[in-house]
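Starting from the known structure of chain A, arrange chain B on it as the hints suggest.
There are 2 protein chains.
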Amino acid sequence: MRPRLFTPGPTQIPERVIAEMSQPLQHHRSPEFKQIFAEVSENLKQFFRTAGEVLTLTTSGSGAMESAVVNLLSKGDKVISIEGGKFGERWGEICRAYGLQVVDIQVPWGDSIPAEEVRTTVRQHSDATAVFMTHSETSTGVAFDVKGISEVVHAESDALLIVDGITSIGVLPFEKDQWHIDVAVSGSQKGVMIPPGLAFIALNDRAWDRAQNSDLPKYYLSLLKARKALAQQSTPFTPATTLLIGLRLSLEMILADGLPSFWEKYARLAHATREGAKAVGLELFASTPSNALTAIKVPDELDGHKFVQTLREKYRVTVAGGQSQLKGKIFRVAHMGYYDHLDMVSFASAMEMALQDLGWRFELGKGVAAVQIAYATAGK
Amino acid sequence: MRPRLFTPGPTQIPERVIAEMSQPLQHHRSPEFKQIFAEVSENLKQFFRTAGEVLTLTTSGSGAMESAVVNLLSKGDKVISIEGGKFGERWGEICRAYGLQVVDIQVPWGDSIPAEEVRTTVRQHSDATAVFMTHSETSTGVAFDVKGISEVVHAESDALLIVDGITSIGVLPFEKDQWHIDVAVSGSQKGVMIPPGLAFIALNDRAWDRAQNSDLPKYYLSLLKARKALAQQSTPFTPATTLLIGLRLSLEMILADGLPSFWEKYARLAHATREGAKAVGLELFASTPSNALTAIKVPDELDGHKFVQTLREKYRVTVAGGQSQLKGKIFRVAHMGYYDHLDMVSFASAMEMALQDLGWRFELGKGVAAVQIAYATAGK
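One line per chain: the protein sequences are A and B, in this order.
Quick note: the first sequence, position 213, residue 213 per the working numbering, numbers continuous.
Quick note: the second sequence, position 130, residue 1130 per the working numbering, numbers continuous.
The shape of chain A in the complex, shown without the other chains (with noise of 0.2 Å):
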């Protein structure tokens, strides 16, 4: 077998992309690379759906979310923090890490919450000056209800809303501006399809003021410098050049086609995911589910670490396992990225061989078939 990756990030990233960053390197203060870095910034807009600038940092997802942290707040400011998963947990570990006063709001790992029942925590604690929530749970597969909690957040305080989007923005129906979203932070190796290497914020006017502010120390993640700079089509330090190059590309590419083309993609290769998944007897792990990724539970019966090594060590087929307090109790499959209904029947036709392997007692094609039915019942 060929390999196939399929984990949540990195994700499978078009062959055009990957010759696109092959080409000789550029001088990242060449008026030549200016004008693809002010290009790109444009085409980010778009995909924020936002008319606010979006600026480009060269770390993970992380960094992105710890210069949220570092740039709005202030010593000693109350944050709320909506935590279902191991990426929610992060914000109040950031938060923390910089002395903040966190409130928690758990939901267990693999629900979501209903927007209602933030009402009271937020009205409770209305001098918190930051809610932060996770769109797309990558650890659960979990989806959250933005719009919603950004609703109920505007009305009973003047918080803002920071919201991870990291392996939702481009793959899940996601609109900045319309759903008064302050802030929004994704990475380069989920929806936009390039490597992992350079992540993405976009901040609106109200949370530009606060940034104004904020008294926390920051340098290299310091927003306002990187905004000065991308009024200069530049980044106040050296770019992950190569990566820019192919974003470049990869946003030409997913813009032609249009967002919610791929957001209309990615939920019929989730839904035949899933599909696929129940028809084999397994049970899918969240309650409402991201089109970014499908969590799986590993029946009982099964070692689910010697599963996720079977797939990739047969078949060839790179899955993401549980993490944290999931570790060997379900598996984890992309939708996001660089894939088509055919992948999903490769995926499926893999984890039908991996579960016979194991023992696991089903009718040997029943998965990938209900992946095709799937597939001929959504007429595409």
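Don't read these hints as lab results, they were simulated from the structure.
Heads up, a few of these hints could be off.
Mimicking SDA-like on lysine to any residue, the simulated pairs with C-alpha atoms at most 20 Å apart in a straight line are [what the hints assert, rightly or not]:
hint: 1; chain 1: B; residue 1: 1034; chain 2: A; residue 2: 316
hint: 2; chain 1: A; residue 1: 327; chain 2: B; residue 2: 1233
hint: 3; chain 1: B; residue 1: 1086; chain 2: A; residue 2: 29
hint: 4; chain 1: B; residue 1: 1225; chain 2: A; residue 2: 324
hint: 5; chain 1: B; residue 1: 1329; chain 2: B; residue 2: 1309
hint: 6; chain 1: B; residue 1: 1327; chain 2: A; residue 2: 233
For chain B alone, coordinates are given in the frame of chain A:
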């Protein structure tokens, strides 16, 4: 003409490294990738000439500089910063962003400082917890005496010596352990010949002891997190995987030839280039030049911006102009990277032609001849 990049980062990189980075993406937690990361991390030790761990961050070199500050110092600490250019000043800027008390040793741009001249300040501020310096100051093309300054610092105080080796490691003779350099930082688009997007930092045991007690806030740049992950052949956050794939090959290529052969090569290329510049009547800017790059004064009669622009637009040779107070006054040409003697001949030829275009009077061919004579004289 085809494009030729002579900027002191990004530098030209081997075609084989570009090709290597074009393979299908791998997941950063897979056993195969962990193996690659472990190999890279081992080879980085040889590159830094240290027995201790070298940590890899997904940031530019400035991110690694900030990681040194936030992991090794504590609130209210006093530090000494030796500043003779834009990158030397960066140490002071970062320290001030974190509220540290900074004693500057100002060195005129273009000069270095004899180690003995640092002694009085270090003795006077023996309560300083760190001394920051730059080995190869990229903004001025000056090499500083790291070995000598290290002796003075350690003789006079318990301060950690923290060295920006961004354009020196792999380029100039550099012996982290032998010279008792407590902390050294480097970046990917320099001596290690891959694109920008990764940075490296190495600490000795004394520095790790300090890191245990540092109370400055950090998260993404936490070196304790990075060290813990490295013990598992991994990184705390998703790294720039494609750059690490390139790095594996470039380090293998460099170490196969041996670092000293690179040090010698860059010395020859730098010497030849300086001779070429002098032969056409130009003056060198640096009193103690680095072999990573040569900074050449633009004659008062010529327009420095126009000169760099002519090189780039007419001959497609990209060099760097001056930064900050040196804008328009110097230009800088790289030797570190994937260059050989004939590349320096090409550069000298383009330089001559651009000088002629701008009306500079000299005998055409003298610069190229001087580069050739330097090569012949060196016997290689």
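**Q.** Index of numbered hints that the structure contradicts, given in increasing order
**A.** none
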